[in-house]
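> Sequence:
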Amino acid sequence: MSDEDQMTSKRPDVGYVDIYLLPVPEKDLEAYKRGATSFGAVAKELGALSYREFRGEDLDEAMQAAAADGELLTSAVAEFESRAHRDDVMARVLEDPRVKELMTQESPARMDKMRYGGFETIVDP
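Going letter by letter, the sequence shown gives residues 417 to 541 in this note's numbering.
Keep in mind the hints are simulated off the structure, nothing from the lab.
Treat the hints loosely; a few may be bogus.
Derived BS3-like pairs: lysine-lysine, alpha-carbon spacing no greater than 25 Å straight-line [claimed, not checked]: (1) K460 to K516; (2) K529 to K516; (3) K449 to K529; (4) K516 to K449; (5) K529 to K443; (6) K460 to K449.
Model the full structure from these sequences, guided by the hints.
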């Protein structure tokens with residue numbers, strides 16, 4: 417196998433993730449985790465391959481600047497087969513009554529500072 421083959425995905429046509437970065441007041445982390453757990457469970461039930469949340473722990477200065485004093489930077493990663501799969505799953509997730517109920521509640525996260533995007537897999541050794 418060439419070096420170039422090793423640098424590309426075993427499944428170059430498969431793999432897509434949504435990545436979300438958002439600050440959460442440290443005092444509200446437990447409430448945030450409850451909502452994120454509910455959201456992730458619905459996403460997985462409706463077809464997401466995986467859904468995980470992370471708390472920033474070893475951040476460079478630029479990443480630290482994304483969260484104010486008293487806030488933690490969190491990241492969510494939702495995995496899908498492809499962008500089309502993501503679009504289908506997330507359309508259903510956002511119409512699900514459980515998620516609609518979550519969206520009516522005041523979020524413990526700083527949604528005004530959320531950054532997100534979809535990324536296709538380019539390396540999967």
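> Look at each hint and say if it fits the structure.
Each hint, compared with the structure:
The hinted pair formed by K460 and K516 meets the criterion: a straight-line CA distance of about 16 Å does not exceed 25 Å. This hinted pair checks out: K529 and K516 have alpha carbons roughly 21 Å apart, not beyond 25 Å. Straight-line distance between C-alpha atoms of K449 and K529 comes to about 18 Å, which keeps the hinted pair within the 25 Å bound. Distance restraint check for K516 and K449: the Cα-Cα separation of roughly 17 Å lies within the 25 Å cut-off, and the hinted pair is therefore satisfied.
Taking the CA atoms of K529 and K443, the gap is near 17 Å; set against the 25 Å cutoff, the hint holds. Restraint check for K460 and K449: the C-alpha separation of about 16 Å stays at or below 25 Å, so the hint holds.
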